[in-house]
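**Student:** Sequence:
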Amino acid sequence: MPIFITLIIVSFVLYIYFKVQILKSKDPLYMQFTNAKARMSLGVFISTFGMNQYYFYQTQLALFVCIIFLALGIAQIVYGYKLYKHYKGELIKAND
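Using UniProt numbering, the first residue of the sequence shown is number 1, and each one after it goes up by one.
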């Protein structure tokens with residue numbers, strides 16, 4: 001399905017972009033904020049990759065792999081979002 005492939009590519013490119021932004025930054029708070037965004041991109045990548053595998057190989061093994069990848073991806077997205085909210089507030093406080 002083209003939507004899965006598009007999401008996989010976009011999320012991987014965003015992950016690489018955010019990781020490069022971390023290397024360019026000197027501020028540790030901004031680095032953590034950017035790392036949270038990278039973590040969410042990685043979660044979308046892992047989840048979409050798992051769903052794509054099940055879409056193409058509809059076997060029990062592919063279903064098991066899909067469930068594991070979905071669980072790992074959702075965990076990355078949720079944890080990244082919590083970090084994102086926390087460090088966004090910290091950045092606002094630091095800039096005031």
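It cannot be assumed that every hint is accurate.
As the list claims (entries may be wrong) - Derived lysine-lysine pairs resembling DSSO-like cross-links, with alpha carbons at most 27 Å apart:
(1) K24 with K82
(2) K19 with K88
(3) K26 with K85
(4) K24 with K85
(5) K93 with K24
(6) K88 with K24
(7) K85 with K19
(8) K93 with K82
(9) K82 with K26
(10) K19 with K93
(11) K93 with K26
(12) K19 with K82
(13) K88 with K26
For the record, the hints were derived by calculation from the structure and aren't laboratory data.
**Student:** Give a verdict on every hint.
**Tutor:** Now for the hints, and whether the structure bears them out:
1. Taken as a hint, the K24 and K82 pair is honoured in the structure, with Cα atoms around 23 Å apart against an allowance of 27 Å.
2. Note on K19 and K88: the hinted pairing holds, with a Cα-Cα distance of about 17 Å set against a maximum of 27 Å.
3. Straight-line distance between C-alpha atoms of K26 and K85 comes to about 21 Å, which keeps the hinted pair within the 27 Å bound.
4. A C-alpha spacing of about 22 Å is found between K24 and K85, which places the hinted pair at or below 27 Å, so the restraint holds.
5. Distance hint between K93 and K24 is fulfilled; the C-alpha atoms sit about 22 Å from each other, no more than 27 Å.
6. As the CA atoms of K88 and K24 are separated by approximately 19 Å, the hinted pair is consistent with the 27 Å bound.
7. Taking the CA atoms of K85 and K19, the gap is near 19 Å; set against the 27 Å cutoff, the hint holds.
8. For the suggested pair K93 and K82, the alpha carbons sit about 17 Å apart, so the restraint of at most 27 Å is met.
9. The straight-line distance between the Cα atoms of K82 and K26 is roughly 23 Å, inside the 27 Å bound, and the hint therefore holds.
10. For the suggested pair K19 and K93, the alpha carbons sit about 24 Å apart, so the restraint of at most 27 Å is met.
11. Simply put, K93 and K26 have alpha-carbon atoms about 18 Å apart, close enough for the 27 Å limit, and the pair holds.
12. Distance hint between K19 and K82 is fulfilled; the C-alpha atoms sit about 18 Å from each other, no more than 27 Å.
13. For the hint linking K88 to K26, the alpha-carbon distance of about 17 Å falls within 27 Å, and the restraint holds.
The structure meets every hint from the earlier list without exception.
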